[in-house]
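Asker: All chains should be built: construct the whole structure from the sequences, respecting the hints.
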Amino acid sequence: MTVAPIAPASAPTAGTRTLHVRCTTWDQVHVFTTRKLRRGKLLSMKVPFAAEPGAGVTLGLELPNGLVIAIDGSVLRASPVEGDRDKTWIEVELTGFTEEVLSRLREMASGDAAPAMPDPVAPRPSATQASADSLPADERELFQHLTAELRRLRALPVHEVIGVTRDAEPAELRRGWMEHVNRHHPDLFARRNAPAISHLAEELTILCNRAYDRLRAAVVAEGRGASFGPAIAAPAGWLVGFDDLSSNGGSDARVSQRMPALSAIAASHTVSAAPAAPPVVPATASGSAPNVQGGEAFELRARTMLGDGDAETAREVLAAALCVYPRSKPLRSLYYVASALGALQQGEVMLAMSQLETALAHHEQCREAAAMLEHVRKHGPDDTDSLKSLFR
Amino acid sequence: MSRAIGIDLGTTNSVVAVIDKDGAPRILTTEEGSTMTPSLVWFAPDGPRVGEAARAGLDQHPDLTLFAVKRLLGRRFDHPEIRKLARILPYELIESPNGDTWINLSAGRTVTPEEVCGMVLRDLRRLAERHFGEPVTRAVITIPAWYDAAQRQATKDAATIAGLTVLRLLSEPTAAALGHGAHRGANRRYLVCDLGGGTFDCAVVDVENGLFEVLATTGDPFLGGDDVDRVVVEHLIRDARATRGLDVTSDAIAVERLRLAAQKAKHELSSQPLAKLTVEELAQLPSGKAVEYTRPVRRDELELWSSPIIKRLDPPVAEALAKSGRRREDIDEVLLVGGMTRMPAVRRQIAASTGKDPSTIVNPEEVVAVGAALEVARLEGVIEGVLLVDVASHGIALSTNGGDCELVIAQSAVVPTRAYRVLMTRADDQARIEFDVWEGESTEPARNRHLGRYAAVELPAALAGDVLVLLEVTIDTDGAVRLSASELVSGERLTLEQIFHAGLTRAEVTKLARTYAEAP
Chain B
1 MTVAPIAPAS APTAGTRTLH VRCTTWDQVH VFTTRKLRRG KLLSMKVPFA
51 AEPGAGVTLG LELPNGLVIA IDGSVLRASP VEGDRDKTWI EVELTGFTEE
101 VLSRLREMAS GDAAPAMPDP VAPRPSATQA SADSLPADER ELFQHLTAEL
151 RRLRALPVHE VIGVTRDAEP AELRRGWMEH VNRHHPDLFA RRNAPAISHL
201 AEELTILCNR AYDRLRAAVV AEGRGASFGP AIAAPAGWLV GFDDLSSNGG
251 SDARVSQRMP ALSAIAASHT VSAAPAAPPV VPATASGSAP NVQGGEAFEL
301 RARTMLGDGD AETAREVLAA ALCVYPRSKP LRSLYYVASA LGALQQGEVM
351 LAMSQLETAL AHHEQCREAA AMLEHVRKHG PDDTDSLKSL FR
Chain Y
393 MSRAIGIDLG TTNSVVAVID KDGAPRILTT EEGSTMTPSL VWFAPDGPRV
443 GEAARAGLDQ HPDLTLFAVK RLLGRRFDHP EIRKLARILP YELIESPNGD
493 TWINLSAGRT VTPEEVCGMV LRDLRRLAER HFGEPVTRAV ITIPAWYDAA
543 QRQATKDAAT IAGLTVLRLL SEPTAAALGH GAHRGANRRY LVCDLGGGTF
593 DCAVVDVENG LFEVLATTGD PFLGGDDVDR VVVEHLIRDA RATRGLDVTS
643 DAIAVERLRL AAQKAKHELS SQPLAKLTVE ELAQLPSGKA VEYTRPVRRD
693 ELELWSSPII KRLDPPVAEA LAKSGRRRED IDEVLLVGGM TRMPAVRRQI
743 AASTGKDPST IVNPEEVVAV GAALEVARLE GVIEGVLLVD VASHGIALST
793 NGGDCELVIA QSAVVPTRAY RVLMTRADDQ ARIEFDVWEG ESTEPARNRH
843 LGRYAAVELP AALAGDVLVL LEVTIDTDGA VRLSASELVS GERLTLEQIF
893 HAGLTRAEVT KLARTYAEAP
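Chains B and Y, in that order, are what the protein sequence lines are.
For the first sequence, the residue numbers in the numbering used here are 1 to 392.
For the second sequence, the residue numbers in the numbering used here are 393 to 912.
Among the clues, some could well be false.
Unchecked claim - Okay, the calculated beta carbon distance ranges per label pair:
1) R152(B) <-> I486(Y): 52 to 60 Å
2) E910(Y) <-> S103(B): 58 to 66 Å
3) T34(B) <-> A909(Y): 50 to 58 Å
No lab work stands behind these hints, which were simulated from the structure alone.
All C-beta atoms in this analysis are idealised placements derived from N, C-alpha and C, irrespective of residue type, glycine included.
Answerer: Structure below.
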């Protein structure tokens with residue numbers, strides 16, 4: 001049997017405090033009602049807050065079958081504990097602990113195995129008590145409901161907390177969690193301005209958030225989903241193809257083997273598109289072969305697109321390539337060249353020029369940028385088609 | 393119950409909004425008739441002035457006029473961003489005893505960023521009190537989504553100093569979506585781009601059956617309208633030198649005047665293609681005669697000058713989309729928030745980056761405050777069926793005995809959340825266990841932000857390893873971190889002692905709150 005105050009000590013409630021007594025067996029209930037309570041009504045205990053005589057106190061008596069009964073009472077005497085200023089000895093008179101409640105308790109204890117009673121056994125506040133009771137009836141019911149719910153959920157395995165099966169799909173997981181959050185989120189109870197209820201709601205939300213996070217982490221680890229912020233979704237697709245990926249990092253040997261084949265394809269593509277062009281592998285923008293920085297496959301593809309005048313797609317390809325090879329100067333300069341070509345096609349000369357200058361700033365030897373800049377200075381936004389030949 | 397207000401505490405401007413009796417949000421206007429209060433405090437010789445009244449201080453006492461203090465809030469002095477700011481800002485930053493950033497006024501007096509923000513908040517509170525004619529004690533305050541626990545706590549402290557209880561710290565993208573009316577519409581996926589005076593924030597916000605979720609946030613902390621102003625001023629200085637032979641580079645007051653004129657011209661150019669920029673007294677001739685500087689500025693000139701800055705909007709947008717696992721086509725609506733988004737070039741850039749024409753918000757400066765006011769209404773139960781869900785903005789890690797950090801709460805955890813760790817005594821009759829709390833995901837303490845060092849004290853006497861301390865680390869709905877400890881075997885609560893703590897202590901905040909409550 002544990003006794004714990006529920007309301008946090010700093011809670012600004014001037015009115016009712018809630019004490020929580022948990023009995024895990026019916027024997028404990030019996031001991032509590034017979035020995036712990038003096039004269040059937042008086043309970044003395046140490047509490048971690050300052051209490052004044054006359055203050056209202058509600059005792060939440062949690063029974064082994066999960067029910068919580070709220071019993072009203074008031075502080076009769078209070079004296080500070082020596083050496084510990086935060087704690088007080090109080091003597092509580094439980095006015096709500098009537099014969100009726102006691103008989104129901106006995107009834108329940110005798111029919112131990114019987115399922116929980118259909119309705120919560122809240123003692124009816126008598127007329128004399130109602131004024132002293134600062135928790136309205138519906139709030140007390142809510143308090144009991146949340147406490148019971150918290151107790152029930154705490155005993156469950158993680159997946160059952162949010163009501164899904166062990167191997168639930170991401171969508172089910174999310175639905176289960178949302179359902180719980182929509183019932184228990186502390187914001188839903190914020191307007192009641194009742195610290196005890198907000199606290200319970202927060203505990204419940206923490207419980208189901210943790211369950212959700214754990215299950216989500218498991219789903220992500222299995223590769224069945226990806227988590228973004230609080231959401232979980234189907235796994236994200238690959239941004240780049242496997243060919244492009246395998247040219248990354250430590251697999252340089254394979255790249256160099258693969259490169260001739262790739263360039264041959266690109267070259268043949270160029271040939272078919274423009275028969276007059278010489279069937280050579282397009283030179284890299286740097287022209288310095290030994291300083292290979294990766295991403296040649298991307299560069300080839302982008303050049304082909306630029307050669308066709310499709311600046312927008314080329315820019316996107318290069319942007320994707322830059323995610324994989326952020327340090328490649330040729331890719332970076334080509335990106336700005338592509339963006340300049342796009343701007344030119346829309347007649348934005350100023351923007352194009354600034355982009356070309358940026359390209360040159362990134363990579364001085366970028367021939368295309370220099371040539372295009374020359375062209376733009378001479379012809380302005382006209383005759384962009386002739387620029388395509390630069391990339392062939 | 394007293395009134396509650398919604399506050400958008402901005403880097404350059406702050407806005408306060410309330411919910412009227414008929415349930416409609418209303419932006420409060422200052423006595424000058426503006427909806428925005430500059431987040432400015434001038435420690436003038438005759439007492440501090442806040443807001444519009446402090447603007448004169450920018451001209452007269454640049455070293456005593458504090459602007460953009462929100463950037464310093466809850467930041468360590470050795471943070472790279474603060475190092476950079478210390479070079480830019482005209483006022484002096486100093487390191488506090490516990491490593492925070494404080495401001496040194498030239499009178500030899502220091503103020504904390506919390507105090508300065510508190511003064512701005514207090515000004516806003518008074519504005520609301522004049523509107524209602526009754527005291528205002530509670531507020532929802534918006535913060536950037538990427539704020540860490542110390543910055544959140546500092547914001548709360550600033551509110552306490554201003555005499556306000558924080559109902560909720562609301563993330564700005566969520567507030568923008570709420571203010572835009574997302575809670576009334578169907579399920580949508582928003583991209584919120586907030587380009588204000590000093591920062592650019594980008595967030596993907598999902599609204600699904602009344603549940604608001606921020607999926608990803610990115611941004612650039614040094615990108616905003618101020619940067620555009622600075623570039624324009626640089627060009628104007630060059631122009632003044634070339635055409636008039638005036639070199640005003642080292643004249644702080646002239647530069648400030650140019651900046652104000654540039655800002656005005658920038659605002660005009662958002663709606664018209666040509667603006668006339670005039671500075672009445674840029675410099676003085678040796679004879680004492682003032683030199684006037686005027687120059688027409690075309691919109692395309694402005695756009696050309698600012699294009700390197702505006703180009704920087706693209707990477708955060710792309711990153712936000714990538715982090716949220718979205719493609720451009722998946723976004724249903726793009727929201728532009730912040731005064732700078734009135735500039736046509738910014739709209740064009742965002743449209744190009746997202747492939748979608750951004751929605752037109754009538755009041756991009758105020759929509760965040762409207763969202764904050766709606767949040768007040770939501771917490772008071774006026775608006776129903778709306779829930780805001782957020783994740784921990786940074787992971788929380790623990791370390792003991794100066795060892796490696798161990799991650800206890802991951803960054804993606806939905807808040808409120810909690811983690812438990814068991815600490816063990818290592819010596820017989822050990823009376824206290826010390827541990828450090830860090831913010832960040834790294835195992836290396838140096839890469840994380842130190843939130844504080846704490847000790848569980850008054851442990852019962854026992855053999856080494858027999859006393860187990862159960863430590864609970866809770867992140868609450870506001871994203872603030874709470875700690876509590878109990879003895880595992882007996883379940884008895886233990887006292888936690890603060891040895892070192894980032895930010896102000898409770899006692900300091902209470903003291904400051906009292907001082908400012910008494911101040912006129």
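Asker: Check the following: the C-beta atoms of E910(Y) and S103(B) are separated by a distance inside 58 to 66 Å.
Answerer: holds (59 Å)
Asker: Mind checking the hinted window 52 to 60 Å against the Cβ distance between R152(B) and I486(Y)?
Answerer: holds (55 Å)
Asker: Can the suggested window of 50 to 58 Å be confirmed for the beta-carbon pair T34(B) and A909(Y)?
Answerer: holds (53 Å)
Going through the hint list in order, the structure satisfies each hint without exception.
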